[in-house]
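Student: Working from the sequences, and respecting the hints, build out all of it.
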Amino acid sequence: MSQRHKSVETKYMEDRDAVLKGLRQLDRRTFLKVLAATTGAVMAKSLMPPHSFQLVEVASAAIDKASSASGMAGKPPFTFAYISDTHLYQRTLNQRFVRAAVKAVEDVNALDPQPDFVLFGGDLAQLGRREELDLGKQILSELKAPVKMMVGEHDWFYDLGDAWQEMFGPPNYSFDWKGVHVVVLMSVHEKDFWTARKMTPAERMQTVAGLDNGIQSRFEVGDDERKWLADDLAKVPHTTPLLVFSHSPLYKYYRNWNFWTDDAEQVQAILKPYKHVTVIHGHTHQMLQNQIGNISFYGMLSTAWPWPYAPTGLPPLTIQMNRADPFDQFDGLGDGQFNVRTDGLADKIYNLWDRNPVTIKADYLISHGKTARPPAPQFASY
Amino acid sequence: MSRRTIAFGTLAFATLAVGAALIAAAMHPIREIFAQERPPFPTHQALAAKNGGVVVMLCDGKTSMEVKGLKAGQQMTHQQAIEVTRELMAKWQRQHPNQKWQMAEQMAQTDQSSEPVPAPSAASGADVAKPGETVPSPETSAKPPAMGTQQGDTYASFTERDYKIWKAQTDSFVAEGNRIFHDAKELGSTIGVSCDMCHPDASNTHPETYPKYQVQLQRVALLRDMIDWCIENPVKGKALDPNDPKLRALEAYIIAQRKGVALDYGKH
Numbered sequence: 001m002s003q004r005h006k007s008v009e010t011k012y013m014e015d016r017d018a019v020l021k022g023l024r025q026l027d028r029r030t031f032l033k034v035l036a037a038t039t040g041a042v043m044a045k046s047l048m049p050p051h052s053f054q055l056v057e058v059a060s061a062a063i064d065k066a067s068s069a070s071g072m073a074g075k076p077p078f079t080f081a082y083i084s085d086t087h088l089y090q091r092t093l094n095q096r097f098v099r100a101a102v103k104a105v106e107d108v109n110a111l112d113p114q115p116d117f118v119l120f121g122g123d124l125a126q127l128g129r130r131e132e133l134d135l136g137k138q139i140l141s142e143l144k145a146p147v148k149m150m151v152g153e154h155d156w157f158y159d160l161g162d163a164w165q166e167m168f169g170p171p172n173y174s175f176d177w178k179g180v181h182v183v184v185l186m187s188v189h190e191k192d193f194w195t196a197r198k199m200t201p202a203e204r205m206q207t208v209a210g211l212d213n214g215i216q217s218r219f220e221v222g223d224d225e226r227k228w229l230a231d232d233l234a235k236v237p238h239t240t241p242l243l244v245f246s247h248s249p250l251y252k253y254y255r256n257w258n259f260w261t262d263d264a265e266q267v268q269a270i271l272k273p274y275k276h277v278t279v280i281h282g283h284t285h286q287m288l289q290n291q292i293g294n295i296s297f298y299g300m301l302s303t304a305w306p307w308p309y310a311p312t313g314l315p316p317l318t319i320q321m322n323r324a325d326p327f328d329q330f331d332g333l334g335d336g337q338f339n340v341r342t343d344g345l346a347d348k349i350y351n352l353w354d355r356n357p358v359t360i361k362a363d364y365l366i367s368h369g370k371t372a373r374p375p376a377p378q379f380a381s382y
Numbered sequence: 383m384s385r386r387t388i389a390f391g392t393l394a395f396a397t398l399a400v401g402a403a404l405i406a407a408a409m410h411p412i413r414e415i416f417a418q419e420r421p422p423f424p425t426h427q428a429l430a431a432k433n434g435g436v437v438v439m440l441c442d443g444k445t446s447m448e449v450k451g452l453k454a455g456q457q458m459t460h461q462q463a464i465e466v467t468r469e470l471m472a473k474w475q476r477q478h479p480n481q482k483w484q485m486a487e488q489m490a491q492t493d494q495s496s497e498p499v500p501a502p503s504a505a506s507g508a509d510v511a512k513p514g515e516t517v518p519s520p521e522t523s524a525k526p527p528a529m530g531t532q533q534g535d536t537y538a539s540f541t542e543r544d545y546k547i548w549k550a551q552t553d554s555f556v557a558e559g560n561r562i563f564h565d566a567k568e569l570g571s572t573i574g575v576s577c578d579m580c581h582p583d584a585s586n587t588h589p590e591t592y593p594k595y596q597v598q599l600q601r602v603a604l605l606r607d608m609i610d611w612c613i614e615n616p617v618k619g620k621a622l623d624p625n626d627p628k629l630r631a632l633e634a635y636i637i638a639q640r641k642g643v644a645l646d647y648g649k650h
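Keeping their order, the protein sequence lines are chains V and D.
Sequence positions in the first sequence follow our numbering and run 1 to 382.
Sequence positions in the second sequence follow our numbering and run 383 to 650.
Hints are computed from structural coordinates only; laboratory data are not their basis.
Take the hints with a grain of salt, since some may be wrong.
In silico DMTMM-like links for lysine to aspartate or glutamate, alpha-carbon gap of 20 Å or less [to be verified]: (1) D:Lys567 <-> V:Glu203; (2) D:Lys618 <-> V:Asp331; (3) D:Lys567 <-> D:Glu469; (4) V:Lys144 <-> V:Asp134; (5) V:Lys275 <-> V:Asp212; (6) V:Lys148 <-> V:Asp116; (7) D:Lys649 <-> V:Asp325; (8) D:Lys641 <-> V:Asp325; (9) D:Lys618 <-> D:Glu633; (10) V:Lys275 <-> V:Asp343; (11) D:Lys432 <-> D:Glu448; (12) V:Lys191 <-> V:Asp224; (13) V:Lys275 <-> V:Glu203; (14) D:Lys567 <-> V:Glu265; (15) V:Lys227 <-> V:Glu265; (16) D:Lys618 <-> V:Asp343; (17) D:Lys649 <-> D:Glu614; (18) V:Lys148 <-> V:Glu203; (19) D:Lys618 <-> D:Asp607; (20) D:Lys567 <-> D:Glu614; (21) D:Lys594 <-> V:Glu166; (22) D:Lys618 <-> V:Asp328; (23) V:Lys252 <-> D:Glu633.
Tutor: Set out below in structure tokens:
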């Protein structure tokens, strides 16, 4: 393209860079004033594109002011990052997913300040083989911050968790972190569908790896682990904020694809007495949020491939991501960060690769969408 | 109707009677009831050959000719068979001037009589329907669609069984596409990736929006172009020929998942 003719996008980005360069000379207070003024002008002209830099900055500035005014939260007491659903094959077979996992590790390592820990959200491997898990462990070992591991169904159903547990320990555990009680669940147990069908371990794994085959059972936390959870929480006061990690969403979204936990209501009942509960899950490979009673749910992004929204059951509070561009390997994928506030609630930043990041404030979910609503996507997904 | 009453009467008598012989005798009328409701398929008695050849009959069961030089059990060549059938149809047409084969045969079935199909010159000639008319008949009410409702009405002559066969054939084509869609090896993937990994139930493939200008390809694309693009790129296999049975099956499966969705070509 000729240098004399610039596209609309190029001009926009140049203008944006010029403005931001100028603004860097200003102190924070003046910066916010100028930003508010320019955004006001843009909004008045109805030129406000969702996800534009103006809107995101002003929204967060406004909420910062609001929360400091109410004395609720200033700086978060701690942050943690996540990487989820890397679905690694052996390195010799598939470099695509390896590249993506490495990219996520580099992202998290570039965070300054570093997060307190990195949650891995499950589905490290694609077909549960030891070589795949080894590769994943090796990639995650590059992380500077400590890693907390969660298991996914792709890690489990080749050898029913033998290799994974050998490498990473028990699949469900809890710990306390800066006033928050953190629980990691193994939520992808399945009732035996393989023995009657005389499936080999590889066939069992392949069946679980498919979303739409209808042969496998539904995910569940199960009786034993629900009892473990109740026992674990018995010593935790109801005023303590809870942070729960599960691979599958701990609610019922879409049964046919196992975007689902069969005993979700029973798990929710155990969490119900607590004032602030945040559940963070993998598996669905999409921006996904839900609020059920006292529980805020956030879905994590995958690094391997994005999933379309299911035809029914999408929680209405979900801020959707536009459908991904198949021609861009990294579109619709990414990693993310949670800023845990002093009250134990968490703001989530979706770090979408090749797109602007999207922040979902805890206030948005606990107010059932009445405040702090992030910008809506430009296009509906099909 | 009266025959059925008699049959039931016999059955009632049989149940009252004691003795195996009488019950055995009663089985006969039961068979008769079934036989009455589902008559056996008609068979045509071939005529004896007069000149040492083989007699071939048209499916009206009447028009026939002898193929000279053909021995019983021998097969005709394809060309010979075409000539024979052509000759048979010509013979039928000579016997039934101004009639159409399909209409005449349907009338013969509706009539259910063994009488020869009347030629238009015969007394009942006035009853032969012109296109768009139906033949007035006392027995038309519970019969299959009457002849002559519409000239060349192909589908009127198919049965429930035909529809079942077609559905089974179509479904197995779709099922084959389903299998390939979920199978990285069948797709020729060199990296273990299959279509369903990003498109469970073929979601987000929106086949109803093609053809459309595919911005990333800088040209108008059909669904198959995108299938091939996906096979070449994320799946890392070799693009399939447009006539490859695998590509056709994939297309069938993807489209089948969107049954009922309005066509909306060009949509982005």
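Student: All hints, please: hold or fail.
Tutor: Status of the hints after comparison with the structure:
Among the hinted pairs, D:Lys567 with V:Glu203 is consistent with the structure: their alpha-carbon atoms are about 15 Å apart, no more than 20 Å. A distance of roughly 18 Å separates the Cα atoms of D:Lys618 and V:Asp331; the hinted pair therefore holds under the 20 Å criterion. Under the criterion of a C-alpha separation no larger than 20 Å, the hint pairing D:Lys567 with D:Glu469 is inconsistent with the structure, at around 54 Å. In summary, the hint linking V:Lys144 to V:Asp134 is supported, as the alpha carbons are separated by about 18 Å, within the 20 Å threshold.
For the given pair, V:Lys275 sits about 37 Å from V:Asp212 by alpha-carbon distance, which is inconsistent with the 20 Å threshold. Taking the CA atoms of V:Lys148 and V:Asp116, the gap is about 11 Å. The hint holds against a cut of 20 Å. Distance check on the hinted pair: D:Lys649 and V:Asp325 sit about 15 Å apart at the alpha-carbon level, within 20 Å; holds. Of the pairs offered as hints, the one joining D:Lys641 and V:Asp325 is violated, with about 24 Å between alpha carbons and a cut-off of 20 Å exceeded.
For the proposed pair D:Lys618 and D:Glu633, the alpha carbon gap of about 19 Å is at most 20 Å, so the pair holds. A threshold of 20 Å between alpha carbons decides the hint, and for V:Lys275 with V:Asp343 the separation of about 10 Å falls inside it, so the pair holds. Among the hinted pairs, D:Lys432 with D:Glu448 is consistent with the structure: their alpha-carbon atoms are about 8 Å apart, no more than 20 Å. About 13 Å separates the Cα atoms of V:Lys191 and V:Asp224, which keeps this hinted pair within 20 Å; it holds.
Simply put, V:Lys275 and V:Glu203 have alpha-carbon atoms about 43 Å apart, too far for the 20 Å limit, and the pair is violated. Note on D:Lys567 and V:Glu265: the hinted pairing is violated, with a Cα-Cα distance of about 40 Å set against a maximum of 20 Å. Using a Cα cut-off of 20 Å, the hinted pair V:Lys227 and V:Glu265 holds, with the two alpha carbons roughly 14 Å apart. Distance hint between D:Lys618 and V:Asp343 is unfulfilled; the C-alpha atoms sit about 48 Å from each other, more than 20 Å.
Restraint check for D:Lys649 and D:Glu614: the C-alpha separation of about 24 Å exceeds 20 Å, so the hint is violated. In summary, the hint linking V:Lys148 to V:Glu203 is not supported, as the alpha carbons are separated by about 29 Å, beyond the 20 Å threshold. The hinted pair formed by D:Lys618 and D:Asp607 meets the criterion: a straight-line CA distance of about 15 Å does not exceed 20 Å. Taking the CA atoms of D:Lys567 and D:Glu614, the gap is near 14 Å; set against the 20 Å cutoff, the hint holds.
With a CA separation close to 51 Å, the supplied pair D:Lys594 and V:Glu166 exceeds the 20 Å bound. The straight-line distance between the Cα atoms of D:Lys618 and V:Asp328 is roughly 14 Å, inside the 20 Å bound, and the hint therefore holds. Pair hint V:Lys252 plus D:Glu633 does not hold up; C-alpha atoms about 32 Å apart against a cutoff of 20 Å.
Going down the numbered hints, you'll see the structure goes against 3, 5, 8, 13, 14, 16, 17, 18, 21 and 23, while the others check out.
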